[in-house]
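Enquirer: Chains as they are written, first to last, in our numbering: chain E, 1 to 411; chain V, 1 to 411; chain Z, 1 to 153; chain L, 1 to 153.
Do not take every clue at face value.
Said to hold, decoys possible - Interface residues of chain L toward chain E, partial, derived using beta-carbon atoms under 8 Å:
id : residue
1  : Leu9
2  : Tyr30
3  : Thr40
4  : Gly63
5  : Gly65
6  : Cys66
7  : Ser67
8  : Cys130
What the hints contain is simulated information worked out from the structure, not anything from laboratory work.
Ideal placement from N, C-alpha and C gives every residue a C-beta, glycine not left out.
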Amino acid sequence: MTSAHAPFDVARIRKDFPILEREVRPGVPLVYLDSAATSQKPLAVLDAMRDYNERHNANVHRGIHTLAEEATALYEGAREKVASFIGATDSREVVFTKNSTEAMNLLARVVPLHPGDEVVITEMEHHSNIVPWQLACERSGATLKWIGLTDDGRLDLSNLDQLVSERTKVVAFVHQSNLLGTVNPVATIAAKAHEVGAIVMVDASQSVPHMPVDVATLGADAVAFTGHKMCGPTGIGVLWARLDLLEELPPFLGGGEMIDEVTMAGSTYAAVPHKFEAGTPPIAQAVGLGAAVDYLSDLGMDAVHAHEQQLTSYLLDGLHSVDGLRVIGPPTMESRGGAVSFILDGIHPHDVGQLLDESGVAVRVGHHCARPACLRYGIPATSRASLYLYSDTADVDALIAGLGKVRSFFG
Amino acid sequence: MTSAHAPFDVARIRKDFPILEREVRPGVPLVYLDSAATSQKPLAVLDAMRDYNERHNANVHRGIHTLAEEATALYEGAREKVASFIGATDSREVVFTKNSTEAMNLLARVVPLHPGDEVVITEMEHHSNIVPWQLACERSGATLKWIGLTDDGRLDLSNLDQLVSERTKVVAFVHQSNLLGTVNPVATIAAKAHEVGAIVMVDASQSVPHMPVDVATLGADAVAFTGHKMCGPTGIGVLWARLDLLEELPPFLGGGEMIDEVTMAGSTYAAVPHKFEAGTPPIAQAVGLGAAVDYLSDLGMDAVHAHEQQLTSYLLDGLHSVDGLRVIGPPTMESRGGAVSFILDGIHPHDVGQLLDESGVAVRVGHHCARPACLRYGIPATSRASLYLYSDTADVDALIAGLGKVRSFFG
Amino acid sequence: MSAPQLESLYQEIILDHYRKPHHRGLRDPYEAEVHHLNPTCGDEITLRVHLDGETVADVSYEGHGCSISQASASVMTDLVIGKPIGEATAVHEEFLRLMQSKGELEPDEDVLEDAVAFAGVSRYPARIKCALLAWMAWKDATAQAVDQTGGSE
Amino acid sequence: MSAPQLESLYQEIILDHYRKPHHRGLRDPYEAEVHHLNPTCGDEITLRVHLDGETVADVSYEGHGCSISQASASVMTDLVIGKPIGEATAVHEEFLRLMQSKGELEPDEDVLEDAVAFAGVSRYPARIKCALLAWMAWKDATAQAVDQTGGSE
Ligand SMILES: Cc1ncc(COP(=O)(O)O)c(C=O)c1O
Ligand SMILES: Cc1ncc(COP(=O)(O)O)c(C=O)c1O
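Produce the entire structure from the sequences given, and follow the hints as far as they go.
Expert: In structure tokens:
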């Protein structure tokens with residue numbers, strides 16, 4: 001795959017992202033190491049949305065005037081781009097949502113659950129893959145079970161056979177953890193879940209942006225991800241699911257676009273994916289996401305992944321060289337991505353983040369919406385540096401230098 | 001109010017909307033009369049979003065680096081702008097959703113309903129204010145009741161006292177109908193509903209963009225509207241509701257941002273409005289909506305409304321002059337807005353719309369997501385011309401000329 | 001009206017069939033009757049099929065809708081009445097292919113006859129369903145009629 | 001580190017209190033103990049209040065968190081211990097006003113003493129909660145202690 005693309009030239013790529021030239025204050029250039037929270041957007045994406053809004057904007061579907069047909073073609077064309085980006089055989093398997101959180105809530109709302117049923121999630125989940133299932137279990141009387149974690153930040157699968165049983169209806173877990181960086185073995189867990197007939201949902205919010213993900217071979221029945229973390233805009237996310245699964249599930253939100261026939265006596269629903277897309281969809285945002293996957297495909301996801309792996313290794317080396325720093329999550333490159341959490345002995349992450357910001361270095365601090373995992377490791381919060389395709393060694397060097405200053409300031 | 005603003009100069013205003021200079025095909029300029037489906041966006045809105053994405057993009061909340069603080073300030077600043085635009089006393093009453101449909105679904109999901117309870121809606125509702133209540137009634141065993149319509153396109157309130165009773169928990173209705181253009185008497189209906197302790201929800205998707213709406217005096221407990229119909233982007237909508245109502249309702253979607261504390265044993269929820277905003281919100285879109293309400297406020301909503309009223313009158317006169325044309329909805333200017341549905345004797349709306357498009361005139365044809373109302377008037381579909389602040393008499397003239405051509409083509 | 005796109009949609013043949021539809025009205029005998037609706041635009045058709053052995057002996061219909069859907073029903077009846085089911089089905093499939101062609105296919109006039117006039121419709125995504133309404137109803141009714149008459153193949 | 005913003009946040013006084021916190025550790029006697037948490041960043045404090053009639057006789061605490069929250073607890077105890085409840089409450093209100101000022105308020109040094117060092121924090125929305133944590137806990141505990149002791153006013 002990689003061979004078809006131009007060599008990966010970070011310096012050139014950075015020119016596509018105007019924000020990277022910004023100074024956070026006079027004389028202090030931005031060093032953006034918070035891409036796991038949200039990625040920056042290349043000009044191609046901003047231009048596609050601008051062009052949509054300036055030339056083609058109309059509401060989609062049911063319109064027969066020129067703009068409406070153009071807007072519909074652009075919107076449905078974006079669906080096809082996203083489908084082929086993740087290897088979906090049928091673009092009807094791609095449901096546009098407002099973000100990854102909504103995608104997971106959608107599934108948690110419509111999957112039938114009953115008292116005695118069980119849902120299995122993991123202790124490293126993002127709140128967006130915890131709370132929807134807590135609420136679903138409260139509503140239905142089902143029970144929530146948790147896959148635990150090992151000390152070095154991996155799923156503890158030693159008791160998987162007990163956790164996943166005939167009672168299990170859903171197994172939902174993160175592909176790549178936003179807190180720990182861990183990449184989980186989807187196939188292993190999915191195989192076990194499918195043995196008992198459970199639905200497998202993978203939170204791919206942090207994997208689809210960073211590595212080639214092929215839903216045809218992944219092993220999941222449903223996958224959620226979010227536009228703003230993959231060079232696309234805010235306001236759009238994706239739920240991919242097997243066509244037959246989508247078809248058998250009841251609708252989520254009701255309204256325009258998602259209906260077939262509405263009468264006072266009752267309504268029938270449109271075919272998928274529109275059944276799950278009530279109301280005017282995020283049209284300009286779908287166009288932006290389509291441009292984002294074009295951008296990523298042009299670079300090649302293999303190349304993006306290789307670049308990030310190389311840089312993550314460099315980052316880990318740098319972090320390990322800082323006195324009193326402990327990485328929370330896998331300390332080596334084995335099955336991990338470019339989001340690296342750490343704590344500095346005796347210095348609170350808030351202070352670390354604030355002082356780094358003084359050097360222009362943007363990292364995220366806090367529990368990263370993964371509080372159960374923080375509690376598991378006995379820490380209230382971490383600092384997290386996270387990379388993307390436009391990150392370079394200079395970014396990492398600035399972080400390591402900044403951490404030195406933090407230590408001396410609070411030393 | 002109007003006096004504080006520059007005189008309303010449509011020619012100048014049109015320059016703010018680049019799409020209005022477009023030709024739908026060589027030599028055929030666009031005549032956009034489909035603003036009820038979605039409005040066009042002024043440069044100020046496109047620029048605000050571009051600037052956000054190019055200079056300030058970060059995920060909101062919990063971030064302490066410069067970009068995160070800027071993004072948070074812009075996002076929450078947009079909430080304040082929207083609040084003051086609709087006269088909300090407290091910006092916490094403004095919940096950002098993905099569109100108006102989600103806003104209404106949110107309310108229909110969280111308002112407690114039980115068997116024996118009743119929900120009252122009207123026969124002129126948009127599907128987005130029908131299907132959520134049909135689903136809510138199915139789930140809860142409550143009963144859906146309908147306020148009927150008069151022949152000239154108004155709510156038939158003659159039996160309101162029977163329809164709204166002690167059993168009524170919610171009365172939900174449209175402020176201005178997207179199909180008929182009718183403006184409904186909110187205060188009258190709200191007073192009756194409040195007598196019996198029902199919650200009043202107003203679908204303001206077609207009113208907030210076109211007239212001054214002041215939630216403090218409107219009489220509603222909750223109001224829904226949508227960014228893309230008011231010069232803002234797609235991907236954002238608003239649920240306004242009384243603070244105490246929002247506070248007592250349970251959460252809707254679960255995930256990041258909406259929680260207070262998450263543990264494996266259970267979760268507690270953030271204060272409003274964040275309780276209802278799970279996941280990364282539509283940040284750039286909120287910024288765009290903020291710029292849109294600034295744009296509207298600069299023009300003055302009184303002036304916008306006056307302009308549209310004048311032009312609607314001109315449009316009605318023009319339509320009445322077309323042979324064999326029947327207006328569906330109020331035929332006069334009394335309590336009506338600038339969305340005008342009509343049918344041409346013996347010519348199907350699809351053919352009308354298609355032929356108008358040949359002259360560059362964009363109108364919408366179909367049931368306009370208000371099929372029960374279409375059935376009420378015994379028609380499968382209408383053509384609808386709808387105006388906005390950038391519409392002018394030339395647009396109307398082009399429509400009337402186009403309708404003449406339609407008649408001669410199919411005559 | 002002279003824009004080329006429009007002419008390619010509203011061919012004179014289409015307008016002729018729209019103004020003077022063939023085989024319209026519901027007739028006896030019939031083995032199957034169906035009612036199809038295009039909920040998006042409200043086009044409706046009630047359609048009956050009468051088989052005589054392997055042959056489509058009669059197709060009759062009532063309905064309302066736009067010029068495209070009405071003309072398409074008229075043209076369709078011309079094409080299928082009197083043909084063996086298999087042959088009529090082949091015409092239906094050819095028409096379907098034409099509709100999915102986005103204007104890229106040169107229609108086969110020997111098979112489609114007057115229906116070639118609908119080639120332009122395939123460039124208007126919102127109108128394709130209109131052109132297909134009667135054909136889908138015919139296919140449905142014919143399948144039911146075949147079941148009814150004990151299966152002719 | 002010489003960026004002016006930073007200095008205005010991390011004043012030397014704040015760092016001093018952070019490194020050598022005053023009145024830290026939980027002590028007896030006390031009438032009320034509260035536990036407050038800032039779930040966003042995990043800052044935690046357990047705080048006890050001992051009243052002697054109308055006077056805040058002692059405030060003791062344990063907890064962990066960032067330099068701002070820790071220093072703020074230390075400064076707060078200096079300010080309220082020994083003061084009549086009403087006066088201590090007035091200091092609390094002044095501090096609250098300062099935190100809400102977005103850096104626009106000239107703090108009253110006579111009332112706030114060392115706490116004026118927190119003026120810069122009000123420019124960092126994400127940090128204001130840190131600075132307020134101990135104060136909110138004190139307010140809560142004091143209210144409970146007043147209830148406990150039968151209401152002193
Ligand atoms: C009256 C009315 N209500 C609700 C909606 C739904 O708005 P949205 O599609 O943005 O959710 C619309 C517009 O389509 C409308 O006109
Ligand atoms: C692993 C993971 N899951 C889910 C989410 C939620 O994504 P969003 O906030 O876009 O819904 C995120 C990002 O915040 C994430 O990192």
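Enquirer: Evaluate each hint against the coordinates.
Expert: Tested hints:
Because the smallest distance between the Cβ of Leu9/L and any Cβ of chain E comes to about 7 Å, under 8 Å, the interface hint for this residue holds. About 25 Å separates the beta-carbon of Tyr30/L from the nearest beta-carbon of chain E, more than 8 Å, and the hint is not met. Because the beta carbon of Thr40/L sits about 6 Å from the nearest beta carbon in chain E, less than 8 Å, this interface hint is met. Taken as an interface hint, Gly63/L does not check out: its beta carbon lies about 11 Å from the nearest beta carbon of chain E, beyond 8 Å.
This hint holds: Gly65/L has a C-beta 6 Å from the nearest C-beta of chain E, less than the 8 Å allowed. Among the interface hints, the one on Cys66/L holds; its C-beta lies about 4 Å from the nearest C-beta in chain E, closer than the 8 Å criterion. With a cut of 8 Å, the hint placing Ser67/L at the interface with chain E holds, because the nearest CB-to-CB distance is about 5 Å. Against a cut-off of 8 Å between C-beta atoms, the interface hint on Cys130/L holds, since the closest Cβ of chain E lies about 7 Å away.
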